[in-house]
Amino acid sequence: MATSASQTLAIPGQLLGSASKYQPGPGTHIHESNLYSSLLGAVHVVQPAKAPGPVKRLTKITPAAPPAELPTISVSRSGVSEKREVLPEVGNTVLCRVVRIMPRQAVVAILICGDTVLDAEWQGLIRVQDVRATEKDRVKIYESFRPGDIVRAEVISLGDQASYYLSTARNELGVIMATSEAGNTMYPVSWKEYRDPETGLGEPRKVAKPY
Amino acid sequence: MATEHPLVLPGDTIDPSLIPTHKKQPLRLGPGLRHVPPSTILPTVAGQLVTDLRKNSMWVEYNGGRYIPSQGDLVIGQVARSATDLYFVTITPYTANASLPHLSFEGASKKTRPQLLPGALVYARVTLANRHMDPELECVSATTGKAEGLGPLAGGMAFDVSLGLARRLLMARSREEGGVEVLEQLGAEGLAFETAVGRNGRVWVGSDSPKTVVLVGRALTETDEKALGVEQQRKLVKKLIREMR
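Protein chains in written order, with my numbering: chain U, 1 to 211; chain V, 1 to 245.
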């Protein structure tokens, strides 16, 4: 695949080309069959992979010419070298910090998606029925999470405008790091308890199974 | 009295001779004391240090300003508004409201449940109270399903008292330990009324006659404001009865 990085700069709203000549890539949008830039950054045009040569068989049924034969034009922010912004997708395992707990849900801030530390914190929601796989109606949020805990969770839905929906309903999901009321880091003793080594007091949490 | 219950200030060191010892039971710390590992006990509020040798516990008796809900307390709340399946009840002013489920009353089902209007008073028990979430209440005992005195309070009037007086009124032996006998004395004078005491500093008084309600309320608030002892309470009760007649 030939990549030609032209160093022309595009500003948001700048006309890049016609939709019949280019495929839209990240950082662009289509308006009335024309491609416009959405970001301020360098314009990149990527030529498509060459289609394999015609097969010399008279009886082969070949489909119509594949549509993606056009070069892809994209705009990326300068300074960010070809790196697209990582967003949590459905099925990703994320690490998040509990911000607030309410009787029927816990609000979390998603910090790490997979292995990438996110630039911005996205808000997530863990509903009370998604905390555990068993006995979902008897879950108490106060005995599963506390504000400040670090939780490993899985994205189950992109959710609404405000937040992603997350779930901890597996053994290896749940609280991985917690601080006690006295201020010390606790260590896990079972699937539902963390203990403070200095005071010896236990606190209930939904503990993630360590690898 | 001072030697029996010494006054402590926050951060004071406690004389080791005051700390009770017991052969079998561990030492229990009540409100107002904090354990700093390994072996320091610090008071966090100003008040009188009280020890119970039988139960091997110690705590500080203090007359605090603001009520902090704790699980199991009985409180008098005022319904602020009603949501889909909860009432929002104000226990302390200028804080988030506590939630009281619609079905948390004796014999309540979806079809038959009490309809409480905003402003109604309820006598409830705190089921969940921690510093991360809004408190939750119930008007029925979760184990037995019976109200046991909880529920809406009809008629009468609620008076504000200090937290210390509310605590002393709720003691089992309020005359010996708490030094309040005013309610018993008013009853002995022939007045017919009923009361509900909330740990959050509110006392509800109900009676057929409004004069009685006002009289009892006045007796309580004067006992509180002037810190009357048992004898002075007796004189106050006699004076109020004379004024009424």
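Keep in mind that the hints are not guaranteed to be accurate.
As the list claims (entries may be wrong) - Straight-line distance between alpha carbons at most 30 Å, and here's what the computed DSS-like set of lysine-lysine pairs gives:
| hint | chain 1 | residue 1 | chain 2 | residue 2 |
| --- | --- | --- | --- | --- |
| 1 | V | K211 | V | K239 |
| 2 | U | K140 | V | K239 |
| 3 | U | K140 | V | K226 |
| 4 | U | K192 | U | K209 |
| 5 | V | K211 | V | K235 |
| 6 | U | K136 | V | K23 |
| 7 | V | K111 | V | K55 |
| 8 | V | K211 | U | K140 |
| 9 | V | K238 | V | K226 |
| 10 | V | K226 | V | K239 |
| 11 | V | K146 | U | K136 |
| 12 | U | K192 | U | K136 |
| 13 | V | K146 | V | K110 |
| 14 | U | K136 | U | K21 |
| 15 | U | K136 | V | K111 |
| 16 | U | K192 | U | K140 |
| 17 | V | K55 | V | K23 |
| 18 | V | K238 | V | K211 |
Stated by the list, open to error - Distance ranges between label pairs, derived from CB positions:
| hint | chain 1 | residue 1 | chain 2 | residue 2 | range |
| --- | --- | --- | --- | --- | --- |
| 19 | U | G200 | V | R175 | 58 to 68 Å |
| 20 | V | G149 | U | E89 | 53 to 63 Å |
| 21 | U | G13 | V | L103 | 48 to 58 Å |
I should point out that these hints are in silico values taken from the structure, not numbers from a laboratory.
Quick reminder that beta carbons are idealized off the backbone N, C-alpha and C, glycines included.
Worksheet item: Has the given pair, V/K211 with V/K239, been kept, meaning a C-alpha gap of at most 30 Å?
Response: Roughly 15 Å separates the two Cα atoms, so the pair holds.
Practice prompt. Decide if the proposed pair is consistent with the structure: U/K136 and U/K21, CA atoms, cutoff 30 Å inclusive.
Written response: Not satisfied, since the Cα-Cα distance of roughly 54 Å exceeds 30 Å.
Practice prompt. Below or equal to 30 Å on CA atoms is what counts here, so check U/K192 against U/K136.
Written response: 15 Å, holds
Discussion item. What's the verdict on U/K192 and U/K209, does the C-alpha distance respect the 30 Å limit or exceed it?
Written reply: Holds, at about 10 Å.
Fill in: Restraint status (C-alpha distance of V/K238 to V/K226 at most 30 Å)
At roughly 16 Å apart (the allowed maximum being 30 Å), V/K226 and V/K238 satisfy the hint.
Item to complete: Could you grab the alpha-carbon distance between V/K111 and V/K55 and see if it respects the 30 Å cut-off?
Response: 47 Å, violated
Fill in: Given hint V/K111 paired with U/K136 - CA-CA distance at most 30 Å
26 Å, holds
Discussion item. Can you confirm whether the C-alpha distance between V/K146 and V/K110 stays at or below 30 Å?
Written reply: 17 Å, holds
Worksheet item: Is the straight-line distance between the alpha-carbon of V/K211 and that of V/K235 30 Å or less?
Response: Holds. V/K211 to V/K235 sits at ~19 Å (cutoff 30 Å).
Worksheet item: Going straight from one Cα to the other, do V/K226 and V/K239 come out at no more than 30 Å?
Response: Satisfied, since the Cα-Cα distance of roughly 15 Å is no more than 30 Å.
Item to complete: Would you check the hint for U/K136 and V/K23, treating anything up to 30 Å between C-alpha atoms as holding?
Response: Violated, because 44 Å separates the two Cα atoms, which is more than 30 Å.
Worksheet entry | Cβ distance range 48 to 58 Å for U/G13 and V/L103, holds or violated | With Cβ atoms ~57 Å apart, the hint holds.
The earlier numbered hints that this structure contradicts are 2, 3, 6, 7, 8, 14 and 19.
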